[in-house]
Structures are given as structure tokens and as C-alpha cells.
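> So the protein sequences, as listed, match chains F and G.
Residue numbers 113 to 347, in our numbering, belong to the letters of the first sequence in order.
Residue numbers 86 to 285, in our numbering, belong to the letters of the second sequence in order.
Accuracy of the hints is not assured; some may be wrong.
Unchecked claim - A partial selection of chain G residues facing chain F, derived with a Cβ cut-off under 8 angstroms:
1. Ser103
2. Ala109
3. Gly112
4. Trp206
5. Val230
What the hints assert, rightly or not - Pairwise CB distance ranges (calculated):
6. G/Pro216 with F/Ala336: 26 to 34 angstroms
7. G/Gln222 with F/Thr156: 31 to 39 angstroms
8. G/Pro223 with F/Arg254: 56 to 64 angstroms
9. G/Arg250 with F/Gly342: 43 to 51 angstroms
10. F/Glu207 with G/Thr156: 51 to 59 angstroms
11. F/His325 with G/Gly238: 33 to 41 angstroms
12. G/Gln222 with F/Ala281: 36 to 44 angstroms
13. F/Val274 with G/Ala147: 54 to 62 angstroms
None of these hints come from the bench; they were simulated from the model.
Note that beta-carbon positions come from the ideal geometry of N, C-alpha and C, so glycine has one too.
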Amino acid sequence: MRFRDHRVVGGILDLAARYRDQGADELVFYDITASPEDRVVDRTWVERVAALLDIPFCVAGGIRSVADAEAVLAAGAEKISVNSPALADPSLIDELSRRFGAQCVVVGIDSVDVGDEYRVQQFTGDPSRTRDAGRRTVDWVREAIDRGAGEIVLNCMGSDGVRRGYDIAQLWAVRRECQVPLVASGGAGAVEHFAAAFIEAGVDAALAASVFHCGELEIPTLKAELAERGIEVRR
Amino acid sequence: MSRCDVVIVDGGGANIASLRFALARLGVDSTLSAEPDRIGRASHVILPGVGAAAGAMRRLRAAGLDRLLPTLNQPVLGICLGMQLLFDASAEGPTDCLGLMRGRAVRLRSAPGKPVPHMGWNTLEPGGESPLLRGAQPGERAYFVHSYALPVGEYTRASTDYGTRFSACVQIRNFHGVQFHPERSGKVGARVLANFLACD
Chain F
113 MRFRDHRVVG
123 GILDLAARYR
133 DQGADELVFY
143 DITASPEDRV
153 VDRTWVERVA
163 ALLDIPFCVA
173 GGIRSVADAE
183 AVLAAGAEKI
193 SVNSPALADP
203 SLIDELSRRF
213 GAQCVVVGID
223 SVDVGDEYRV
233 QQFTGDPSRT
243 RDAGRRTVDW
253 VREAIDRGAG
263 EIVLNCMGSD
273 GVRRGYDIAQ
283 LWAVRRECQV
293 PLVASGGAGA
303 VEHFAAAFIE
313 AGVDAALAAS
323 VFHCGELEIP
333 TLKAELAERG
343 IEVRR
Chain G
86 MSRCDVVIVD
96 GGGANIASLR
106 FALARLGVDS
116 TLSAEPDRIG
126 RASHVILPGV
136 GAAAGAMRRL
146 RAAGLDRLLP
156 TLNQPVLGIC
166 LGMQLLFDAS
176 AEGPTDCLGL
186 MRGRAVRLRS
196 APGKPVPHMG
206 WNTLEPGGES
216 PLLRGAQPGE
226 RAYFVHSYAL
236 PVGEYTRAST
246 DYGTRFSACV
256 QIRNFHGVQF
266 HPERSGKVGA
276 RVLANFLACD
């Protein structure tokens, strides 16, 4: 969801209310172009979202400092998620965790399968600037947790947006290294994909966007079917 | 509930925006204050969680609120760390707390699949009469974020299991506490806040 584009903010609030009413457990607002364009999230929209939502939400994009994070949290966000700025300066994770506590510091990781290993990608909001971050994904997960990350969102880029399912092998490879909550991202297109992420990859939560935005899958249906498969959900 | 004059105790640096928005959704304005006189005049007082127990108690003492709060007769609600501060002491620091209820907050033990902090939606099991839990059904979920907790005891009105069972809702007289965040707990949380505002 792009905060910057004022025309779609109404859409963001409508969507947020819709997902709240449908029973989403948490919402994540990504300003994916913030880092490549050197911008910070517009806080007034965070406040409007906070006024609307009675569930936790996380803001991601362009948070480069303790001050940036403080403004977003003070506006009512529950968590902040850092990605590119943490790769540029990993000590940002330590600072955020010391100041606000690990519980509100999420590290988002965009990762690709290059055949013999998984590698971290940087500046993924702009395809022309996206590049290898010079790290193996499992190494970065370990380091982020050591530095104080309270949650890891692993976005498997190969599967992102194509709705053929989460990358279960990759999620499991990271799960073994990750003692904090792990959130699966990228690829969800059907109930079975969510079920596989929980049962086979052992993730704590599953994140999805396009499958819900397009109305292909409704959250109450998803939750009912996951519950039938024995997965604990909030109803 | 517009007759409510809700004061949120300002412990300094708290992220209370979501709490104020939650009250606003119930049609109630709230005032943030650390002034003993102002807090004393409130119809309802909310003590939110602010960082760690020792620092929070230091700030309450500096404002003279460690003496005022236990003397209040209006409904008081401690949220998260604010609930823990209503007890004798906390291992986080460690520090003495307000001493309204006997007990000591202890650190949750992490276990495989149960990382600490305990973060996320978990179930409430009502275990006693409390006005805050009016309308509550067993197994309803609320949103938790905490590393310390109060064991189940005589003040417990609802409990939650996270490896061990701990107090999720407590009460003594006009003093109420919830370990979860009602402001982020959907309809369940909104009902808890509305029930609190209906106390007099």
C-alpha cells in the first residue's frame, strides 16, 4: 500500500476497515518505494489508520533512525519493520530494539533462491535498483536476531505475486535458524498454501496481499478451512 | 459514556495513541496527565504500560503518584505493565510496586515454540466474576505483548496459558488490571474497555 499517493489513501483506509471486519489478526502497511526514493513514511496516514484499527498493525518502509521509528510508533503503530536501511547499517536494529523493545522491531527480508543457497536482496521496491545485498539469508536472519529483532518476515521473492504457494523449503531452512516469530510472505494463492506454511514450514504467521486484495480468498473462509485442518486460528 | 472523565496516567514516553483512539471509538475523550490533582478528579483512571517496571515506578515516585494511586476510589485500570504495577513487586528491575495486590511479576520462561516476549493473540479463560469480563466467552482471544507476568492467584479473574498459566485479568475492589492490550484486541478488547467505563 503506497502512503505517498494521496488518491489511494482512501482506498487504504477502506481496505484496512474491510480486513479488520473480516478478522485479520494484524495488518502490515508497506511503503515499498520509500527506501529507494529516500523518503520516510507519511505519519499522518499512520495516525488515520491507528484511529480506525482495533488490531495491531506494522508500518514498513523508509524507517532509517530511532526518530523515524518513534514518530510512527507514537502515531499508533504497534510495530515497525526495517529492511533496506538495516542492511545498510545493521546497528539500526540494535538501536531500535534497545529503545523500543524487541517486540516492536520487525526485520523484513527479501530473499531469493539462487540454486545452492538463499540470498538477501536489497532495494526491492524499485526493480532497476534491486541488487544482491551480499549476504546469505540464514546469516542475516541470525545476525538480525542477535541484534534484537523480535520478528522476521521472510519474503520469498521467487514466489511473490504469482500465487503458486509459499516457498516451503526456504521457509523451513530459515525456521531452523529463527527462534523469534517467523512470518511467511510471498506466494499465497489458496488455502492449501497457508496450511502448508503452518504445518510443513512451522511458521508463526502467514502474510498475504494480492490474494486478499483481489477478493479471490476471503479471510473468514480461510480461517474456517485452516481450523478444519487443525490449525489454531482466532475466530 | 460522555459523562466519563478519563485520565490516562502519563508515565513519560508511552505509546498511548492506540489507547486514546480506542477510547475515542467508544465516544470517550481522554486526558493525559501526571498531576495528582487532575488524576484525583477523574471519573476513571487508566495506568498504561510504559517500558520496564523499575523505570515506570521511578517515574511514578518522582511525580508523587506512588502515594496517590493506591488511595483512589474511582475505577482504575492497569494495562499490561500497568497491571503488574498494581502488585507488591516485580522481578523486572527488581522493584517494589504499588502494593494493592499481593504478588510479584516474574519473567516468563521461554520454551521451544514459546519465545519470550509473549506476543500475539491468545485465549482468555474466565475464572471469576469481574465487571470487565461481562459478556466474555471462554476461549475468546486478546492481544498480548509482555515478558513478565503474574502467577494465577486470589485476584485472578481470567487466565491465559503460555507454557505456564498466568493472570490475564485481575481485580481488587475498584482496581482492575489486564495483562493484554484491550486497545488492540478487536471487539473483545473494546468490550473490556466499555465494561470498565461502565464501572462507577
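> For every hint, state whether the structure bears it out.
To see whether the hints hold, each was checked on the structure:
{"no.": "1", "hint": "Ser103", "in the structure": "5 angstroms, holds"}
{"no.": "2", "hint": "Ala109", "in the structure": "7 angstroms, holds"}
{"no.": "3", "hint": "Gly112", "in the structure": "13 angstroms, violated"}
{"no.": "4", "hint": "Trp206", "in the structure": "5 angstroms, holds"}
{"no.": "5", "hint": "Val230", "in the structure": "5 angstroms, holds"}
{"no.": "6", "hint": "G/Pro216 with F/Ala336: 26 to 34 angstroms", "in the structure": "33 angstroms, holds"}
{"no.": "7", "hint": "G/Gln222 with F/Thr156: 31 to 39 angstroms", "in the structure": "38 angstroms, holds"}
{"no.": "8", "hint": "G/Pro223 with F/Arg254: 56 to 64 angstroms", "in the structure": "40 angstroms, violated"}
{"no.": "9", "hint": "G/Arg250 with F/Gly342: 43 to 51 angstroms", "in the structure": "23 angstroms, violated"}
{"no.": "10", "hint": "F/Glu207 with G/Thr156: 51 to 59 angstroms", "in the structure": "40 angstroms, violated"}
{"no.": "11", "hint": "F/His325 with G/Gly238: 33 to 41 angstroms", "in the structure": "47 angstroms, violated"}
{"no.": "12", "hint": "G/Gln222 with F/Ala281: 36 to 44 angstroms", "in the structure": "40 angstroms, holds"}
{"no.": "13", "hint": "F/Val274 with G/Ala147: 54 to 62 angstroms", "in the structure": "56 angstroms, holds"}
In this structure, the earlier hints numbered 3, 8, 9, 10, 11 are contradicted, and the remaining ones agree with it.
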